[in-house]
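2 protein chains.
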Amino acid sequence: MKNDRLIKALLRQPVDKTPVWIMRQAGRYLPEYREVRAQAGDFLSLMQTPDLACEVTLQPLRRFDLDAAILFSDILTIPHAMNLGLRFEAGEGPVFDRPVRDAAAVRKLGIPDPEQDMPYVYDAIRLIKKELDDKVPLIGFAGSPWTIACYMVEGGSSKTFSRIKGMLYEDPKLMQQLLKILSDSVAEYLNAQIAAGVDAVMIFDTWGGALSEQAYKDFSLASMRAIVEKLNLQQGEKTIPCTIFTKGGGLWLEAMADIGCHALGLDWTTNIGDARKRVGDKVALQGNLDTAVLYSDPDTIRKEVKKVLSDFGDHPGHVFNLGHGIHPDINPEHVKVLVDAVHDA
Amino acid sequence: MKNDRLIKALLRQPVDKTPVWIMRQAGRYLPEYREVRAQAGDFLSLMQTPDLACEVTLQPLRRFDLDAAILFSDILTIPHAMNLGLRFEAGEGPVFDRPVRDAAAVRKLGIPDPEQDMPYVYDAIRLIKKELDDKVPLIGFAGSPWTIACYMVEGGSSKTFSRIKGMLYEDPKLMQQLLKILSDSVAEYLNAQIAAGVDAVMIFDTWGGALSEQAYKDFSLASMRAIVEKLNLQQGEKTIPCTIFTKGGGLWLEAMADIGCHALGLDWTTNIGDARKRVGDKVALQGNLDTAVLYSDPDTIRKEVKKVLSDFGDHPGHVFNLGHGIHPDINPEHVKVLVDAVHDA
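Those protein sequences? They're chains A and B, same order as listed.
Numbered according to my numbering, the first sequence spans residues 1 to 345.
Numbered according to my numbering, the second sequence spans residues 1 to 345.
Same shape as in the complex, but just chain A (with noise of 0.2 angstroms):
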């Protein structure tokens, strides 16, 4: 690898400057993208064709110094394979013609297997190495079970999780049946994109911040472990770093920091500085301007990018990313400024 300061500093090895990469960094706010979008018709064709789905996965790398590409994809791409009737309406977000509300629909559910099930993920994936050409690494992922179960149970976004909490509560064996599925068939699908050849994976729990802490330990945090633990993370003599974030889960970061994984992502509401004092050296950490920096002029945008240096301080394990995915109107040239100023750091 030419460039392997993403995986050194997610291992907590020295590197000569802080690795950065943007969640969502191949998204709606490059105009580039939005062209291969409208030429392929809607999202879930542009994330089932492989050609696409590597050139949007690249484009961010040709205009910015990004330590890593990350696969482009979706988090539901599992329940898609399990024929819920997945579709992505405007304005709306995901919507599922058919969600899992009762045992019957959970009996129901199978293990997609991934290379069949799932082949446009790990064409893409093996398109977007060979065009990397070991330039930067490659990073995999997944949804959380407990972030998939949400829109599966709730049939599409939520506010208020009213269902899906309605059932953890009433019926939590349920639940973790439903949490046991998506725990196998998230191992399988990682487990696949590590054979096809990704660098690193990473646990995207956008709505485990959603639960009470009890909540959060027992069903999304457990769930997440049971994945860790099945995951081939060494392979000969490379180890594939794995990171997990859950986004509104920095009071739990000691519990989290304790599953296995090599990095925690960080939201922007946490202090990483007080962050890293509570895991210690136990795990990297991977974050987390808030969004909105990007929304200011880049002198402001430069001072803040150094107070997130600052705060994590003089350590190895630091790479730096926003606190949740960069907005669709976000400054493409607001992006150069924050990757530079990393860098020049």
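A few of these clues could be false.
To be verified - The calculated label-pair distances, taken between Cβ atoms and stated as ranges, are:
#1 B:E333 with A:P332: 48 to 56 angstroms
#2 B:D102 with A:R34: 28 to 36 angstroms
#3 B:R63 with A:E333: 36 to 44 angstroms
#4 B:Q13 with A:F43: 55 to 63 angstroms
#5 A:Q177 with B:Q234: 54 to 62 angstroms
#6 B:N331 with A:G85: 29 to 37 angstroms
No lab work stands behind these hints: they were computed from the structure.
Note that the structure is predicted; figures quoted are calculated from it, not measured.
Cβ atoms here follow ideal geometry from the backbone N, Cα and C, with glycine treated the same way.
Starting from the known structure of chain A, arrange chain B on it as the hints suggest.
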């Protein structure tokens, strides 16, 4: 006051039973509320008709053995009095026709005169106090300056807070000017509520948790501190306890406990036992059952209520509540189970 458990608990004095009230206890989950609201026509008319605001304030006390009433009103009364064109759109929440987005708009803002510009608030308080006849205390409240500013600048609800955070990072002085106008306004507004007879006050910082730690401390928390310093909390022999509640603020409790308020509201993501250890005996704590527990069955509700009580432990200074406002689709019978479970513990 016949039942002064709430006041005593907020002042960390011993009580015979843990007091309990429910955020949004006067609300859409009650059929009798929906009737009065239909009669009023819309939410703004209901809020601005003291007879009806009094009626819906008292409704939950007829059904449940609650230890407090809370004024039926809204966190946006102040910008409404600033004549920014507040409307409530079905399914969309509050909308301001004249959002505040630049220095010229900030300069135009005056500090509303409470009794003159929002007489309906104070007429409702006097009516409710008369009807309550000192059976239980009446809680008055306001939105936090940051939270009110979010709606004023965004022009309504927001997921990303891009406009107001853009302003915060790009022009922090302008943001502080706006917050100063709002903290002065909230202080006058709450002092007039105290003069009209409320027995406790609470500041709802619904969107403080959208900020980074530094921005939270410099903007949202600083403006709440400025309010608390101006409040007339000592009324002769009587202390008016002041509670602040930042949703998503669990990481910052130590700083919140330091601004001179008597109690902190906790959302459901914080473990209340850990919170108690972190704030020591500086403040009382209010909360923090996950609202979603009310979707489950009575036995589960009783079990989860007991868990919150036992996590808090056997100390003075706990007011039981949900960690978030009750949802409109909750079964009122389940609220009865919760309230009785707190008192029977």
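Checked hints:
no.	hint	in the structure
1	B:E333 with A:P332: 48 to 56 angstroms	54 angstroms, holds
2	B:D102 with A:R34: 28 to 36 angstroms	29 angstroms, holds
3	B:R63 with A:E333: 36 to 44 angstroms	58 angstroms, violated
4	B:Q13 with A:F43: 55 to 63 angstroms	57 angstroms, holds
5	A:Q177 with B:Q234: 54 to 62 angstroms	57 angstroms, holds
6	B:N331 with A:G85: 29 to 37 angstroms	30 angstroms, holds
In the structure shown, a violation is registered for the earlier hint numbered 3 alone.
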